[in-house]
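Asker: Single-letter residue listing:
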Amino acid sequence: MSHDPFLYFRASVLIASIGCGIADLELLSLFGSLKDGILAHERPHISEHPPLRHDSRAFWMYLGAYHYPLTLAAIAIRLAASLLIASSALRGSVSVMGLSIFVAASILLQLRGGLGNNGSDDMLLLIMFTSFLARLLNTSLCTSIALFFLSAQVSLAYLVSGLVKVSQTPWRNGISMIDLMSTETFGHRGLLVLLRSSPRGAALIATIFVFGELFGSFAPWLPLTYAVSLLCGALAFHLATALVMGLNTFVPAFVATYPAVIYTSLVLYRHPR
Amino acid sequence: MRTVRIKECFLFAVLGTWLVLSALRQIQRVKPSWIRRLDPFRLVPNWRFFGPNPLTWDYRLYLRFVDASGAWSKWTDITPNKNRGKLAFIWNPQRRPRKVFFSACRRILAYRKSDIRQCSGHKVIIEHVLAKPRSQFGSRRQFEIARCRVLTRREEREVLFRSEEYVYGAVDPT
Chain X
518 MSHDPFLYFR ASVLIASIGC GIADLELLSL FGSLKDGILA HERPHISEHP PLRHDSRAFW
578 MYLGAYHYPL TLAAIAIRLA ASLLIASSAL RGSVSVMGLS IFVAASILLQ LRGGLGNNGS
638 DDMLLLIMFT SFLARLLNTS LCTSIALFFL SAQVSLAYLV SGLVKVSQTP WRNGISMIDL
698 MSTETFGHRG LLVLLRSSPR GAALIATIFV FGELFGSFAP WLPLTYAVSL LCGALAFHLA
758 TALVMGLNTF VPAFVATYPA VIYTSLVLYR HPR
Chain R
7 MRTVRIKECF LFAVLGTWLV LSALRQIQRV KPSWIRRLDP FRLVPNWRFF GPNPLTWDYR
67 LYLRFVDASG AWSKWTDITP NKNRGKLAFI WNPQRRPRKV FFSACRRILA YRKSDIRQCS
127 GHKVIIEHVL AKPRSQFGSR RQFEIARCRV LTRREEREVL FRSEEYVYGA VDPT
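Those protein sequence lines, which keep their order, are chains X and R. Everything in the first sequence is counted per our numbering, starting at 518 for the first residue and increasing by one. Everything in the second sequence is counted per our numbering, starting at 7 for the first residue and increasing by one.
For reference, chain R alone in the conformation it holds in the complex (with noise of 0.2 Å):
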C-alpha cells in the first residue's frame, strides 16, 4: 500500500511541476530563461500558437557572389525548401528547414547589427550560405534576407538584412 501511494505522489510531484511550468512559460511577462535552464531537454511547451502576431510575409534567402571577371552576380534566391507538397496534410517533411530557417531569420533581424556574428540565426543562415559548392557559388559572398508575399497577386519584396562579405573556407561560424 506505501510502494502504491509514493508512486503516485512521486508521479503526481513530477507532472504537477510539469504542468506548472507549462503555464508559466505561456506567461509573456515571465521570461523563458530560467524555465530553459531548468529543462534542457525542452520538454517545457509553448502553446502560443500563430499568437499573438502570426506570421504574414515569407522570408527569403538571396546570395550573390564575385564571378571570374571580378564583379558581383545578380542575387540568387536560395531559400530552403521554398514550397509545400500537394499532399502537404499528411506528408509534410520541408516544414522543418522552412521553420529553422524561419526562426533563423527572426533572430537575425531581432539581434543587434554590432554583434551580429555572435547571434545563433546568423551562424545557421552562414553555414548554409558557405555550404553551396565553391565551384557554383564562387568564394567571396554576400547574402541578404527579404520579405515578401507571393501569393499576392502584386508581388511584395523589401530587404530587411544584408549581410558582409565572406569567404568560403575562411569563416568558421562555430
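In isolation and in its complexed conformation, chain X is listed as follows (with noise of 0.2 Å):
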C-alpha cells in the first residue's frame, strides 16, 4: 500500500467535504427557524470571551453572521467551499481557497452560535480546520503530522466515549439503552421492543456497543490487519447508529479520519510497500 500522506490525506478531506456538504444543506433546509424558529434564538456566547467583550462585541455580532439572513449566506458560502474542495480533492489536489473560505465562514458562525451541532460536527469541523493549516503549510511531513493529529483525536473519541459509558453499571446491564430507545429523539419502535422482550439481549448488545467504542480507539496504533477489522466494525456502528438513532452525519464525520487512521498503521508498522 502506499505510504504516501497527501494520498490519505486528500481522501480524509474528500469524505469530510461531502458530510459538511450534508450539514450545510441541513442546515439551509430550516431556513425559517433560523429567521424565526428555535435557532434563531441561540445566543452567541462572545460575552463568554473576554477578549471579544465590550467594544468589539456589536462588531463581531454583526461579522459572526448573527443576523438572518447573514446567517444563511455564510452557510451557503461554506457549502459552496465545501463543493470547491470536494471537486478538487476527487482531482487530484485539495483547494486552498476552498479551505479557506470554509474556515473564515465556519468562524463566523461559531462565534453567531451552535446551531444545534453536534459531536459529528465538531468532528467535521476539527478535520477541515486541521486540514486547512496542512495544505497551507503543504508539506509532506506537516501532511503526516496532521493525518497523526485526526488519528488521535478520533481515537480520544472512542476513547472517552467507551470510558464514560463502561464505568456505568446501566450502560453494562443494558439499562440506558433500552432507556434511550424509549425517546423519541434517538429511539427506535421496534428496537425498543425486542430489547424489552430480552434483557439479556440488551445487555449483550449495550456491552458490544460499550466494548466496541473502547476496542475501536485502539484502531491507529494496531497493525494494519487489526486496523482495518476495527474500522470495519467501526463502520458497522456507524451506520447502525444512523438507521436506529437518525445520527446521519456522524458516518461521513468519523469515516472521515479513518484514511488517517490507515496512515498512522501503516507508518508505525513500517509495511512493506
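The hints are simulated quantities; they were obtained by calculation from the structure and are not laboratory data. Since the structure is predicted, the reported quantities are computational estimates derived from the model, not experimental observations. Heads up, a few of these hints could be off.
Derived coverage of chain R by chain X (criterion: at least 3 residues anywhere in the stretch with Cβ under 8 Å from a Cβ of chain X; other residues may be distant) [stated by the list, open to error]:
{"id": "1", "segment": "27-34"}
{"id": "2", "segment": "48-58"}
{"id": "3", "segment": "86-97"}
{"id": "4", "segment": "102-109"}
{"id": "5", "segment": "163-174"}
In silico DSS-like pairs for lysine-lysine, Cα to Cα no more than 25 Å straight-line [what the hints assert, rightly or not]:
{"id": "6", "chain 1": "R", "residue 1": "Lys138", "chain 2": "X", "residue 2": "Lys552"}
{"id": "7", "chain 1": "X", "residue 1": "Lys552", "chain 2": "R", "residue 2": "Lys88"}
{"id": "8", "chain 1": "R", "residue 1": "Lys105", "chain 2": "R", "residue 2": "Lys37"}
What follows is a list of derived Cβ distance ranges for each label pair [claimed, not checked]:
{"id": "9", "chain 1": "R", "residue 1": "Lys119", "chain 2": "X", "residue 2": "Cys749", "range": "33 to 39 Å"}
{"id": "10", "chain 1": "R", "residue 1": "Glu164", "chain 2": "X", "residue 2": "Asp553", "range": "25 to 31 Å"}
{"id": "11", "chain 1": "R", "residue 1": "Val165", "chain 2": "X", "residue 2": "Tyr786", "range": "24 to 30 Å"}
{"id": "12", "chain 1": "R", "residue 1": "Leu30", "chain 2": "X", "residue 2": "Cys749", "range": "30 to 36 Å"}
{"id": "13", "chain 1": "R", "residue 1": "Phe18", "chain 2": "X", "residue 2": "Tyr585", "range": "39 to 45 Å"}
{"id": "14", "chain 1": "X", "residue 1": "Ser684", "chain 2": "R", "residue 2": "Ala74", "range": "55 to 61 Å"}
{"id": "15", "chain 1": "R", "residue 1": "Trp97", "chain 2": "X", "residue 2": "Ala753", "range": "27 to 33 Å"}
{"id": "16", "chain 1": "R", "residue 1": "Ile33", "chain 2": "X", "residue 2": "Phe735", "range": "17 to 23 Å"}
Quick reminder that beta carbons are idealized off the backbone N, C-alpha and C, glycines included.
Make the complex out of the two chains shown on their own, each in a separate frame, by following the hints.
Answerer: Spelled out as C-alpha cells, the structure:
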C-alpha cells in the first residue's frame, strides 16, 4: 500500500467535505427556523470571551453572521466551499482557496452560536481546520503530522465515549440502552420492543456497543490488519446508529478520519510497499 | 531546510495544544470555563457521546394563553420538531432544533428558580413562546416543560417547570 500522506489526506478531506455539504444543506433547509424558529434564538457566546467583549462585541455580532439572512449567506458560502474542496480533492489536489473560505465562514458561524451542532459537526470542523493548516504549510511532514493528529482525535473520541459508559452499571446491564431507545428523539420503537422482551439481549448489545467504542480507540496504534478490522466494526456501528438513532452525519464525520487511521497504522508498522 | 522545520514545529505546537485541550475537556473534574475562554470559536470538542447519563426522556413544551373570555386556555403542545423523518439515516435536519431545545430545557432545569430569567435556556424558550402569532395565541402566555416517554405503551408525563405569565410584546428576553 502507498505511504504517500497526500493520498490519505485527500481521501479524508473528500469524505469530510461531503459530510460538511450534507450538514450545511440540512441547515439551509431550516431557513425558516434561522429566521424565527428556535434556531434563530441561540445567542452567541461572545460575552463569555474576554478578548471579544465590550467595544468589539457589536462588530463581532454582525460579522458573526448573527442576523438573518447573514447566517444563511454564511452557510451557503460554506456549502459552496465544501463543493469546491470535494471537486478539487477528486481531481488530485485540495483547494487552499476552498479551505480558506470554509474556515472563514465556519469562524463566523461558530461565533454566532452552535446552530444545534453535535459531535459530528465538531469532528467535521476539526478535520477541515486541520486540513486547512496542513494544506497551507503543504509539506509532506506537515501532512503526516495532520494525519497523526486526526488519528489521535478519533482515538480519543472512541476512548472517552467508551470509558464514560463502561464505568456506569446502567450502560453495562443494558438499562441505559433501553431508556435511550424509549425516547422519541433517538429511540426506535421496534428495537425498544425487542430489547424489553430480552433483557439479556439488551445487556449484550449494550456491552458490544460500549466495548466496540473502547476497542475502536486502539485502531490507529495497531498493525494494519487489526486496524482495518476495527474500522470495519466502527463503520458498522456508525451505520447502525444512523439507521436506528438518525445520527446521519456521524457516518461521514468519523469515516473521514479512517484514511488517517490507516496511514498512521501503515507508518507505525512500516508495511512493505 | 530551516523554513521546513519552522513550518513543522509550528503545526506540531498548534495541533499538540489542540489535542491536550481536547483531552483535558473530557475530564469531568476539569471545569470547561477556562478552556472555553481559550476557545472562542468552540473548536475543542466534547467526545462524551450519550455518556455517562444518556437522554432517557423526551422534553415537551406546552403553551397556554388567556383567551377572549379572560380564561386560561388548555395547554397546547408547541415542542419544536418532535418527529424524526423516515429518511433520518441520510437526511435529518430536525435534529438541530431538537438539540437546541433539549439543551435549553436542561439548562432551565439545572438553574436556580429565583434567577431563571438570567438563564440562557430560558431566554431561548421564552423567545420561541413569544414568537407564536398573537392572533392564534393571545397576548398573555405561560409555558411549561414536561418530560415524557411516548414510545412506551403507557404514556408517562411529568411537569418539570412552569413559567410565570408573560405578555406578548412586553418582554425583551435579551
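Asker: Determine for every hint whether it applies to the structure shown.
Answerer: Here is how each hint holds up against the structure:
no. : hint                               : result
1   : 27-34                              : holds (count 3)
2   : 48-58                              : holds (count 10)
3   : 86-97                              : holds (count 8)
4   : 102-109                            : holds (count 7)
5   : 163-174                            : violated (count 0)
6   : Lys138(R) to Lys552(X)             : holds, 13 Å
7   : Lys552(X) to Lys88(R)              : holds, 19 Å
8   : Lys105(R) to Lys37(R)              : holds, 22 Å
9   : Lys119(R) to Cys749(X): 33 to 39 Å : violated, 50 Å
10  : Glu164(R) to Asp553(X): 25 to 31 Å : holds, 30 Å
11  : Val165(R) to Tyr786(X): 24 to 30 Å : violated, 58 Å
12  : Leu30(R) to Cys749(X): 30 to 36 Å  : holds, 31 Å
13  : Phe18(R) to Tyr585(X): 39 to 45 Å  : holds, 41 Å
14  : Ser684(X) to Ala74(R): 55 to 61 Å  : holds, 56 Å
15  : Trp97(R) to Ala753(X): 27 to 33 Å  : violated, 21 Å
16  : Ile33(R) to Phe735(X): 17 to 23 Å  : holds, 20 Å
Taken one by one, the earlier hints fail for this structure at numbers 5, 9, 11, 15, listed in ascending order.
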